[in-house]
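Let chain A serve as the given structure and place chain B on it in line with the hints.
Protein chains: 2
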Amino acid sequence: MRRALETSRSQNFAEWYQEVVRRSDMAETSAVRGCMVIKPWGYGIWELIQQQLDQRFKETGHENCYFPLFIPLDFIAKEAEHVEGFAKEMAVVTHHRLKAIDGELVPDPDAKLTEPLIVRPTSETIIADSFRNWISSYRDLPVLVNQWANVVRWEMRTRLFLRTAEFLWQEGHTAHIDREDAIEETMRMLEVYREFAETVMAMPVIAGEKTENERFPGADNTYSIEAMMQDGKALQAGTSHYLGTHFAQAQDIKYQAADGTEKYAHTTSWGVSTRLIGGLIMTHGDDDGLRVPPALAPHQIVILPRLRGEEGDAKVLDYCRQLRSELVVQSALGARLRVNVDSKDRGASNKRWDWVRRGAPILLEIGPREIENGQVSYLRRDVLYEGEKIKSTAVNHADFVGLAASLLEEIQKNLYDEAKTRLQSRIKIGIDSMAALSGYFGEADSEDEEGVSTSGASDLGWARVAWCKPTGKKLEEVEAMLAPLKLTIRNVPLDQPTAFGKCIFTGEPAVEEIFIARAY
Amino acid sequence: MRRALETSRSQNFAEWYQEVVRRSDMAETSAVRGCMVIKPWGYGIWELIQQQLDQRFKETGHENCYFPLFIPLDFIAKEAEHVEGFAKEMAVVTHHRLKAIDGELVPDPDAKLTEPLIVRPTSETIIADSFRNWISSYRDLPVLVNQWANVVRWEMRTRLFLRTAEFLWQEGHTAHIDREDAIEETMRMLEVYREFAETVMAMPVIAGEKTENERFPGADNTYSIEAMMQDGKALQAGTSHYLGTHFAQAQDIKYQAADGTEKYAHTTSWGVSTRLIGGLIMTHGDDDGLRVPPALAPHQIVILPRLRGEEGDAKVLDYCRQLRSELVVQSALGARLRVNVDSKDRGASNKRWDWVRRGAPILLEIGPREIENGQVSYLRRDVLYEGEKIKSTAVNHADFVGLAASLLEEIQKNLYDEAKTRLQSRIKIGIDSMAALSGYFGEADSEDEEGVSTSGASDLGWARVAWCKPTGKKLEEVEAMLAPLKLTIRNVPLDQPTAFGKCIFTGEPAVEEIFIARAY
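Residue numbers (the working numbering), protein chains in the order written: chain A, 1 to 520; chain B, 1 to 520.
Think of the hints as simulated: they come from the structure by calculation, not from any bench.
Among these hints, one or two may not hold up.
What the hints assert, rightly or not - From the structure, some residues in chain B lie toward chain A, with a derived Cβ separation under 7 Å:
{"id": "1", "residue": "Ala31"}
{"id": "2", "residue": "Arg33"}
{"id": "3", "residue": "Ile38"}
{"id": "4", "residue": "Pro40"}
{"id": "5", "residue": "Asn64"}
{"id": "6", "residue": "His95"}
{"id": "7", "residue": "Ser130"}
{"id": "8", "residue": "Arg139"}
{"id": "9", "residue": "Glu166"}
{"id": "10", "residue": "Trp169"}
{"id": "11", "residue": "Leu403"}
Claimed, not checked - Label pairs and their in silico Cβ distance ranges:
{"id": "12", "chain 1": "A", "residue 1": "Asp110", "chain 2": "B", "residue 2": "Ile427", "range": "43 to 49 Å"}
{"id": "13", "chain 1": "A", "residue 1": "Glu115", "chain 2": "B", "residue 2": "Asp54", "range": "34 to 40 Å"}
{"id": "14", "chain 1": "B", "residue 1": "Arg188", "chain 2": "A", "residue 2": "Tyr385", "range": "57 to 63 Å"}
{"id": "15", "chain 1": "A", "residue 1": "Glu81", "chain 2": "B", "residue 2": "Asn373", "range": "57 to 63 Å"}
{"id": "16", "chain 1": "A", "residue 1": "Asp318", "chain 2": "B", "residue 2": "Asn373", "range": "56 to 62 Å"}
Glycine included, each C-beta is placed from N, C-alpha and C at the ideal position.
Next up, chain A with everything else stripped away, as it sits in the complex (with noise of 0.2 Å):
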């Protein structure tokens, strides 16, 4: 059976996503090494994202920002964990002017900077130094507040959307009067997120915090949420930091409070980036392209009128424009109906297919015959298929924009239903011991130089296992134990049963239980 990709999941999954990057007209590398260019498509599936999250931000008491591209290097340099973890990675600005020296344009060796400036790969320490000027009192408490911005980390391996040094994302930072308050706020958005990929992207996910050594540079506690990817892989689509009061004591960020002492704020940052959509696609995609959920889908509904180059043309498309002026005062998912009608000049059956590859919930087919009939002929992005045919069905336009509505929220479910089974059915329980682990995993999938596995998609999926919580040393122990097999601890879930078997590492009595998967 022909599908509209020549790689299919189970082929080669790699290259499978490349192709649906490609071929969803998504993104695009770009000339500069790490940076890709988003396309619309891709873009407004972006758009999407923001407007959702930044309502979410806003009903939770966050005003957006906006803080420098630029961090004075003695900035980074004051936080030392901070540094450890970014200073390997980041663009420096040197110069300031460019001067054609022997017909050669060149950075002027008389515009250096006196101290080099980082390009941020994220905010911390400059939105401390603002913190600071802020906040004098505990009546200036809390600051909440967020920025939607571009970040650089140099990458040397990248995957569009997944890994590159250019990035779009949003990073939330606030500061608090005590602990207690900044884990409130810490937690809050830990299930903003996990809400909001659930609801949105209808991508489950687990909610849990991260060991000590997968925590942010510089936090006391990271929390994230992970998504299962369709080869079994984890992703880490968001994370929530409490800062303690690391960044404080670097800027200086101190409160009078209400008993006249002097106190360091305590602070928090939380993110998620352009890597969701990666994770989309790995979540929803198929053989045949993307399927975006339609919550997120630019156009919900793609109009396709069967034009022939003859005079009959015009009315296929009136009667099109007309269905969509119909469509367009519906709503569902809580916005109105987003539909497109493609008048370009393609044919028919090409256009069908780069839609079906871009992946819009619905597509509608027009003709002259439904014209007469009084019909629409509609595709659902969802289940494309009856058997080894696409199914087509055919119904009275007034009843599909009756329908519209509730058949797009019917995809939404279904595709969440979808994701829900397969994380459920491939989540490992009873492993009791570390051979059983390694038994389970087998062998470490072959990967590409950007880490994707380039063998088909594996029934794998993560181990849920019990543990007694190692620190230090022998934490690292585990780690090592689990570096061959190519495993990662993901998190820790904040769903957690009343008592505990055996720490499958040491068969001491365990105090947790842990996912345990390969990962992005």
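Coordinates of chain B only, in the frame set by chain A:
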């Protein structure tokens, strides 16, 4: 009479501007030279500018994309005029890693880039590189994209919003089959800017073409909208460029025409930036701070409960929140009302003056007396005084709810009318010689190092004069005559009479009218 700012416009316009920015809590300088921090009130205005422009871009057929922050050095070098225009003020990335050497963090000498990267000052060159890949046939045209992004132009003299090293903007980039189609796009977007400035920003502007020496580096034609600030100076508030085939030739953007021949695409670009917020301040600010037009106010109505730290407070707060819920379901200026209850723990008078300085269009003050009478008391920021006293109007609760939307629309119109009257009254016509021009403008104002006049707002404005449209060396001679007076040619307005007198510079027959003014 005491006002909410320390400096009045008539005392010192430059200092007044700085005080407005600072005390309206819109932005502040950062630790990075030339880069600003945009605070929630300033960023909230920018978000509303973005939303309302973005809607207009989409309605005119454009889609958003995202292109790399970095531009390879040789891209800049390819288009000769473009280099000349931008090479002198760019941030240059030369290293991709830091290293601790002798305890000091420095750019790692082993991580020097083979080719330096430029932080984009504008994106024509890198976008042209994508256009080359996207365009092969006339069927692919037009390409109509836009991006919202940060750009960097190294500035030694900075002023918040007006001139900063990093600023936020949008840049539209389009490619067309021929000159006619590209010019049509150029003019369409100029008109979008004009309509947006006047309708949304309540800022009347003059749309026209820049002279050949004021064109964008690499453009065939540059058009601008120019707004008159309260000190009589002009602010270039937006530009739209027809780029001819310059960038198409430099980056080889060719297409196969319907007749089978190969042709260069014609491109355009157009942009506005956070500079608009500087224009907003200098158009609508007064001696009490900013006055934000309702269409751009993050909070259009701010409700100030008079709290006394006693048990009656809960009742006052409930009343305010109830009032808010009745107001937010109303619509004005095409959107739901934006209403804030400021329940912060601060004195009522401080809060009133904070919101006056920020320029919220309507302030509602609610205390036990208003509740008892079933009333609200409101202040209109556009007409704050009656004689020397603050004008507070008491109306029935229900009447205010019914009135609020039309009140906001009236304020929007009132701010526009005020600015329009000023613009019209300060356009000097009838000047027929260079001597008369010199006599009208007199001595150049004193200015601070950022080029903002330090004298008070003058009653001078712009001169509309006729000229013979000299080019080349003759145009330079005209500019040299204007330079000592700090005058520049702003633009050639689209709206022209049918007959002209003599050129004020040469005495020859004139062919068009131009605006001459001092400018930011």
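Results of checking the hints against the structure:
1. Ala31: Hint on alanine 31 of chain B: holds, closest Cβ of chain A at ~5 Å, below 7 Å.
2. Arg33: Check failed: Cβ of arginine 33 of chain B comes no nearer than 9 Å to chain A, outside 7 Å.
3. Ile38: 4 Å, holds
4. Pro40: Since chain A brings a Cβ to about 4 Å from proline 40 of chain B, closer than 7 Å, the hint holds.
5. Asn64: This hint holds: asparagine 64 of chain B lies near chain A, its Cβ roughly 5 Å from the closest one there, short of 7 Å.
6. His95: 4 Å, holds
7. Ser130: Holds, because the Cβ-Cβ distance from serine 130 of chain B to chain A comes to roughly 5 Å (cut-off 7 Å).
8. Arg139: Holds: closest Cβ of chain A sits about 6 Å from arginine 139 of chain B, inside 7 Å.
9. Glu166: 5 Å, holds
10. Trp169: 12 Å, violated
11. Leu403: Hint on leucine 403 of chain B: violated, closest Cβ of chain A at ~27 Å, above 7 Å.
12. A:Asp110 to B:Ile427: 43 to 49 Å: About 44 Å separates the Cβ atoms of aspartate 110 of chain A and isoleucine 427 of chain B, which means 43 to 49 Å holds.
13. A:Glu115 to B:Asp54: 34 to 40 Å: Between glutamate 115 of chain A and aspartate 54 of chain B, where Cβ atoms are some 37 Å apart, the hint holds.
14. B:Arg188 to A:Tyr385: 57 to 63 Å: 44 Å, violated
15. A:Glu81 to B:Asn373: 57 to 63 Å: 60 Å, holds
16. A:Asp318 to B:Asn373: 56 to 62 Å: 58 Å, holds
Checked against the numbered hints above, the structure breaks hints 2, 10, 11, 14 and satisfies the rest.
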